[in-house]
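*Asks:* These are the residues of each chain, in order.
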Amino acid sequence: MSATAVTDTLQLQWGEVCLALREALEAGDEQRFLGAVDTLTGMRERSLWDSLRQLDARLRAALDQFRLDPRLMRLAGKEIPDARARLDHVLKLTDEAAHRTMDLVESSTPLVARTAASAAALGAECREARESGAASPYWNDLLVRLEGHCAAAHADGEKVKTNLVEVLMAQSYQDLSGQIIRRVIELVGQLEEELARLVHDTESGASESRRPQPAAEDAIRGLGPAVPGVSVNTVDGQQDVDELLAMGVAMKGVL
Amino acid sequence: MKKDLRFLVVDDFSTMRRIVKNLLHDLGYANVQEADDGKTALPLLQAEPFDVLITDWNMPGMPGLDLLKAVRSDPKLAKMPVLMLTAEAKRDQIVEAAKAGVNGYVIKPFTAQVLAEKLEKILAPAA
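Line order of the protein sequences matches chains A and B. Residues 1 to 255 (the working numbering) are what the first sequence spells out, left to right. Residues 1001 to 1127 (the working numbering) are what the second sequence spells out, left to right.
Treat the hints with caution; some may be incorrect.
[To be verified] With the Cβ distance kept under 8 Å, some of the chain A side facing chain B (calculated, not the full set):
| # | residue |
| --- | --- |
| 1 | 102 |
| 2 | 165 |
| 3 | 178 |
| 4 | 231 |
| 5 | 247 |
| 6 | 252 |
FYI, nobody ran anything at the bench for these hints, they're computed from the structure. This structure is a prediction, so every number in the text was calculated from the model and none was measured. Here a beta-carbon is modelled for each residue, glycine too, at the ideal position from N, C-alpha and C.
Work out the full structure: start from the sequences and follow the hints.
*Replies:* See the structure below:
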């Protein structure tokens, strides 16, 4: 709106009462002046009440829309509970996969350990037989090849054993991702509860504030694994942990 | 190092309990029991003579920090070596655990070697 247009609007709305105020002031007529002030105050209050009424109407319309929004009702009643069930299912699947992998690791480790050990023993026997010098050139050659094969089988078996330990350790992803998923399930549950409360409040017209869970309780219960880009003030590896632990122990000694 | 030590491994994730149990077996410790949170672990600790406690922190029911405090405040268990094996990585939490009397703190994800080293360290006086 241009300055001229604003001036015109102000003039239209307030011009008359301002003129009455100025005339009463110049005439020194106190009664007329105070009467004009009352008129001015009344006009201002009316304007404020009009604005409040408009705000109230808009708020009611928004709440009505909120209550009637089928998408929101679907979210609160079905999709959020579904999301929790899906995450629960993910937890169950990863748990089953991790245990299945560990079943195979546990059944494979003794097999490869046995093969590696018997290869080492057989290799030693081949060496002894070869070193005794009793074997003919043909058998001597065979013993050399057998010895080489046993040494390789032993080394390979040891490597597979080490790899199986690594496979076992890699299953810790299920715990780490599971803790994060559980936390999300909890958050989704809280969201569901709040949304249900909001829908209920808008229907009943009531509103109730809810006490948030104190952060201190979370810290005692545990916060779950650090998430890159989300967690702050976390340690950077085991060495960092060891230093902090030593510091904490020293502080305990001082207290 | 004594290989007949009795371990109690406390973690709400059965996968992690199984991993730790396997690693302990590899280190020669065959006597390992499990519990899935502090609430089930504490009565076990009070009823049976365990030598070492390995516990997670973040567990439903009774968290590991509360279990540690309960152990330290029980005259029968107060001297038990406790290793915390957890993903809790806040600096304040580690200091808090140290103040509560934890003997070792291993952060997840960890390696078999780190677990072996920390165990050796906390068991040194018992060896």
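*Asks:* Hint by hint, where does the structure go against what was stated? Just the numbers, ascending.
*Replies:* Per hint list: zero violations.
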